[in-house]
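Asker: Protein chains in written order, with our numbering: chain L, 42 to 299; chain S, 42 to 299.
Derived by calculation from the structure, the hints in this document are not laboratory data.
Just to be clear, a hint being listed does not mean it is correct.
Repeated chains share a single entry, so a pair holds when one copy, or any two copies, can fit it.
Straight line, CA to CA, 20 Å or less: simulated EDC-like cross-link-like pairs of lysine to aspartate or glutamate [unchecked claim]:
1. 259 - 278
2. 96 - 127
3. 264 - 131
4. 289 - 103
Just so it is clear, the structure is predicted and the values come from calculations on it, not from any experiment.
So the chains spell out like this:
There are 2 protein chains.
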Amino acid sequence: MTKSNAPIILLAQPQLGENIGAAARAMLNCGFTELRLIDPRDGWPGYTPMNSRHKGPHNDAETSYQNALAASAGATAVIENAAIFDTVEEATKDLKFVLAATARNREMTKPTYNLPEGCEKLANHKTGILFGCEKAGLLNDDIALCDGIITIPLNPHFSSLNLAQAVLICCYSWSTQTTFQPPSTERDICSKDDLYFFLNSLETSLKEKGFFDKTPQKEERMKRNIKNIFSRNGLTETEVNILHGILKALTKKTTLPE
Amino acid sequence: MTKSNAPIILLAQPQLGENIGAAARAMLNCGFTELRLIDPRDGWPGYTPMNSRHKGPHNDAETSYQNALAASAGATAVIENAAIFDTVEEATKDLKFVLAATARNREMTKPTYNLPEGCEKLANHKTGILFGCEKAGLLNDDIALCDGIITIPLNPHFSSLNLAQAVLICCYSWSTQTTFQPPSTERDICSKDDLYFFLNSLETSLKEKGFFDKTPQKEERMKRNIKNIFSRNGLTETEVNILHGILKALTKKTTLPE
């Protein structure tokens with residue numbers, strides 16, 4: 042179910058390898074595979090940062106990479122194939138349309154889309170969603186390179202998402218919106234005939250037991266209620282058989298001494 | 042933006058305080074505030090587990106609680122107000138409609154809803170979404186108590202979400218969907234407590250009648266099947282009363298001459 046036309050996910054200045062890995066996992070959960078990292082704080086194997094915006098690494102590149110792999114929980118290929126860039130400009134130049142994901146409103150003269158609208162805009166090829174670093178979000182300079190802003194509608198009093206969760210919501214929304222598929226529900230539903238046969242048996246037993254005797258004027262209504270209880274909801278053949286078994290057991294004369 | 046009619050989030054057998062906290066954060070991000078924990082592995086301050094399904098705690102309750110608070114990133118009130126229960130049955134008995142969140146398809150005869158459909162079903166008051174533990178997900182016995190299953194449409198080849206992410210996607214979907222949807226038809230649904238009371242009576246009667254005696258090895262499975270038959274579908278209070286009446290009538294000793 043990997044989606045060849047899924048937007049590319051771009052993480053600007055990510056700090057922790059763990060978060061990169063968790064974002065990769067969230068991506069692959071939704072069928073996204075293409076990840077680009079811009080100036081990751083701790084570097085990356087084979088990548089030497091130029092003019093990093095970070096004050097310096099906290100881990101060595103290999104440790105950070107291994108942390109990312111571990112946190113990806115199996116989305117190894119996403120991590121292994123991640124492309125690394127120095128700047129957002131470099132990372133986006135082959136793309137045709139990029140939206141910046143932000144929780145807060147920015148005072149920028151950019152088109153701002155809510156998530157469903159934004160996902161519609163991202164339905165074409167060669168698009169991307171840009172996420173900022175864990176601590177400070179996106180810089181206005183980076184947002185300025187984007188075609189618009191995508192906002193995630195959250196509790197305005199508690200809108201801070203961690204990076205992987207922001208990635209998850211965006212990927213999930215895009216994924217369900219563009220290829221929405223209902224799950225197939227195949228159950229072995231009994232025939233109406235089987236159901237009616239059970240209902241008749243039940244009514245007969247109830248009649249024998251005097252169930253309708255107290256309020257005979259309500260007998261028809263009560264029978265309708267009983268039908269409603271059992272016919273509402275696609276019983277399977279097995280379940281109807283169970284119900285027959287229950288009825289038989291309950292009406293059996295007790296042979297135990299009293 | 043906290044939503045007074047938001048479903049209650051129920052976590053069955055959660056293992057790590059960190060995950061409980063991350064789930065609370067995801068909840069509050071979407072305006073959800075009511076959290077219930079069932080048999081948390083490491084206990085909880087003031088809670089002594091009875092018949093825990095876990096092999097034992099890995100942390101003491103206070104440490105786990107502090108980890109939850111830290112991971113909640115400020116969703117403190119959700120953690121502080123979390124209610125703790127021994128069993129799913131206890132935790133759901135005042136609710137009227139509960140869906141079990143699963144990634145995998147289960148071979149159970151339950152209505153299965155995709156996420157948007159499920160959220161529609163959860164638009165009324167006194168509903169809940171039940172999530173299983175990090176490692177093994179939900180037990181079939183717990184699912185049997187639910188009205189249906191909610192599936193999150195993900196990459197079928199990589200569908201394992203961590204707990205907080207599953208909570209986030211469900212809460213986010215509900216939250217964005219219900220703001221623009223009127224609640225669906227309100228029926229006078231019985232409380233789970235009423236339903237469990239009937240199911241217990243039925244099981245007791247069946248036991249007395251020797252229903253499970255022929256194939257005792259199948260007793261648990263059969264009980265689960267019976268729960269599935271009756272819990273699938275929002276029985277009303279009246280209907281549960283009818284079922285009690287039926288049970289009483291069927292098990293009554295016949296006084297007629299034969």
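Asker: If a hint holds in the structure, say so; if it does not, say that too.
Answerer: Verification of the hints:
no.: 1; hint: 259 - 278; in the structure: between (30 Å within a copy, 18 Å between copies)
no.: 2; hint: 96 - 127; in the structure: within (15 Å within a copy, 49 Å between copies)
no.: 3; hint: 264 - 131; in the structure: within (18 Å within a copy, 33 Å between copies)
no.: 4; hint: 289 - 103; in the structure: neither (48 Å within a copy, 53 Å between copies)
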